[in-house]
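As given, the protein sequences belong to chains A and B, one line each in that order. Position one of the first sequence corresponds to residue 111 (our numbering), numbered consecutively onward. Position one of the second sequence corresponds to residue 3 (our numbering), numbered consecutively onward.
Some hints could be false.
Said to hold, decoys possible - Here are the simulated DSSO-like pairs of lysine-lysine, each with C-alpha atoms no more than 27 Å apart in a straight line:
no.	chain 1	residue 1	chain 2	residue 2
1	A	K116	B	K128
2	A	K197	A	K256
3	B	K71	A	K116
4	B	K125	B	K65
5	B	K125	A	K116
6	A	K273	A	K315
7	A	K116	B	K65
8	B	K71	B	K36
9	A	K308	A	K236
10	A	K197	A	K236
11	B	K174	A	K116
12	B	K175	B	K32
13	A	K256	A	K238
14	B	K128	B	K65
15	A	K238	A	K314
16	B	K175	A	K116
17	B	K94	B	K65
Unchecked claim - Each pair of labels, with its calculated beta carbon distance range:
no.	chain 1	residue 1	chain 2	residue 2	range
18	B	A13	A	D244	53 to 61 Å
19	B	R93	A	E298	54 to 62 Å
20	B	R93	A	E125	24 to 32 Å
21	B	N90	A	Q271	24 to 32 Å
22	B	N90	A	L191	54 to 62 Å
23	A	L313	B	N24	40 to 48 Å
24	B	S75	A	S182	55 to 63 Å
25	A	M175	B	N90	30 to 38 Å
26	B	K65	A	E117	53 to 61 Å
27	A	S182	B	E120	33 to 41 Å
28	B	D182	A	F176	54 to 62 Å
Simulated from the structure, these hints should not be mistaken for lab results. Virtual Cβ for every residue (Gly too), placed ideally from N, Cα, C.
Below are the chains, spelled out letter by letter.
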Amino acid sequence: MEDRLKEFVNENREEFDVFEPRPELWQEICRQMPKAQEKPVTARKEAKVISINFGELLNFNADFMFMRVAASIILLLGCGLTLLLVKQNVPANTGATMAAATEQAALSQIAPELVEVEAYYTNQIKSKREELSDYDMKVLGLDEAKEIDLELARLDSSYTQLKTQLYTTPNTDQVMGAMIQNLQIRIEVLNRQLEVLKRIEQLKKEDITEPDYNETTTI
Amino acid sequence: MEKSSYQDVNAQVVQRCREGDNRAQYELYKLYSKAMFSVSMRITNDYAEAEDVLQEAFISAFKNLHTYKSEASFGSWLKRIVINASVNAVRKRRSELVPLEDRLAGDIADEEYDDDTEWQVEKVRKAIQRLPDGYRVVLSLYLLEGFDHAEIGEVLGISESTSKSQYSRAKKKLLEIMRDTHYVAKPRSI
């Protein structure tokens, strides 16, 4: 015989799901979950030669949501800092901003925030480079400058590529995130080089010769 | 037709979960926690226990996601885990889910429905909650989780015919409870 009860339940199936767990339960689940595999961090060596493979970072296979969040945070920070610098009337900065603004009239239509961010980072990179050129590579016995320049040139070309993509892709957030990351990597490269140079200089001054004191002394 | 597109959406999220994406895991949790919690509530009939089961089931599902082959929908795969965990939880507090005297399959008189009885979801649901464990589990699995008697037998470790007779008894009892509450003004406390 037909089961009227079963029929009744089938018809009202959804309404039987009335219970809900406490909202905190998800946190408890998260706590007990095995930690998600962390993305491999690029090897950071404090050695004399700066040979960090940035190719990996340039793949930008990071999660889309993460990129969006990261990009917006960086954008906010960048805009804030730029505004601050502009207000302080730093002449170099205003010059750079104006130059960028005229160059990138088209860009400002697609991604107006990027113009400011770009100006800010370009300025940073410029000042780092100036700082770097104060060191005499030859005197310090290093000729890695070429390597660094190559790396920076590579980053520069991928940046230009990204910029052209920005005009064609609807996914501006992601491309912008990648562009900003690119700029940050450049600063990072310069920073590390500066750090290494500073250390070498210091060591030379102190005239420390024990080779196992620090890796950098073996230069 | 609806199902295939639904599965496609899930397949992507499931893949992201396999890669250890916490956000994707949360998406699945949000999508299924309520339904799965209700499943567990119906079997365990205990809020705290149902929460433990849900937690255990989701953790086990995420850990064993590699064993999930997309032949069934993710929801039904997860539901299996939740049901097994819930049944185990009930087993822990009771040695037997189906009392021995009920194990013999026998003919149970067809229940009589009161034709004038207007069923309401709320009333049926509350009546199910008042059933003893053994009845409630079989009845819930059959009526609400869409298991057939062979599947119920497999999950509970009983024969198909036992499941059938257990269901008939459970249904009879359920209708009794509903009839009782129909006449008694205040439902008696469990």
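Checked hints:
{"no.": "1", "hint": "K116/A - K128/B", "verdict": "holds (16 Å)"}
{"no.": "2", "hint": "K197/A - K256/A", "verdict": "violated (37 Å)"}
{"no.": "3", "hint": "K71/B - K116/A", "verdict": "violated (31 Å)"}
{"no.": "4", "hint": "K125/B - K65/B", "verdict": "violated (38 Å)"}
{"no.": "5", "hint": "K125/B - K116/A", "verdict": "holds (15 Å)"}
{"no.": "6", "hint": "K273/A - K315/A", "verdict": "violated (44 Å)"}
{"no.": "7", "hint": "K116/A - K65/B", "verdict": "violated (35 Å)"}
{"no.": "8", "hint": "K71/B - K36/B", "verdict": "holds (23 Å)"}
{"no.": "9", "hint": "K308/A - K236/A", "verdict": "holds (18 Å)"}
{"no.": "10", "hint": "K197/A - K236/A", "verdict": "holds (20 Å)"}
{"no.": "11", "hint": "K174/B - K116/A", "verdict": "holds (13 Å)"}
{"no.": "12", "hint": "K175/B - K32/B", "verdict": "violated (35 Å)"}
{"no.": "13", "hint": "K256/A - K238/A", "verdict": "holds (16 Å)"}
{"no.": "14", "hint": "K128/B - K65/B", "verdict": "violated (35 Å)"}
{"no.": "15", "hint": "K238/A - K314/A", "verdict": "holds (22 Å)"}
{"no.": "16", "hint": "K175/B - K116/A", "verdict": "holds (15 Å)"}
{"no.": "17", "hint": "K94/B - K65/B", "verdict": "holds (23 Å)"}
{"no.": "18", "hint": "A13/B - D244/A: 53 to 61 Å", "verdict": "holds (56 Å)"}
{"no.": "19", "hint": "R93/B - E298/A: 54 to 62 Å", "verdict": "holds (58 Å)"}
{"no.": "20", "hint": "R93/B - E125/A: 24 to 32 Å", "verdict": "holds (29 Å)"}
{"no.": "21", "hint": "N90/B - Q271/A: 24 to 32 Å", "verdict": "violated (56 Å)"}
{"no.": "22", "hint": "N90/B - L191/A: 54 to 62 Å", "verdict": "holds (57 Å)"}
{"no.": "23", "hint": "L313/A - N24/B: 40 to 48 Å", "verdict": "holds (44 Å)"}
{"no.": "24", "hint": "S75/B - S182/A: 55 to 63 Å", "verdict": "violated (35 Å)"}
{"no.": "25", "hint": "M175/A - N90/B: 30 to 38 Å", "verdict": "holds (36 Å)"}
{"no.": "26", "hint": "K65/B - E117/A: 53 to 61 Å", "verdict": "violated (39 Å)"}
{"no.": "27", "hint": "S182/A - E120/B: 33 to 41 Å", "verdict": "violated (55 Å)"}
{"no.": "28", "hint": "D182/B - F176/A: 54 to 62 Å", "verdict": "holds (57 Å)"}
Checked against the numbered hints given earlier, this structure breaks hints 2, 3, 4, 6, 7, 12, 14, 21, 24, 26, 27; the rest are met.
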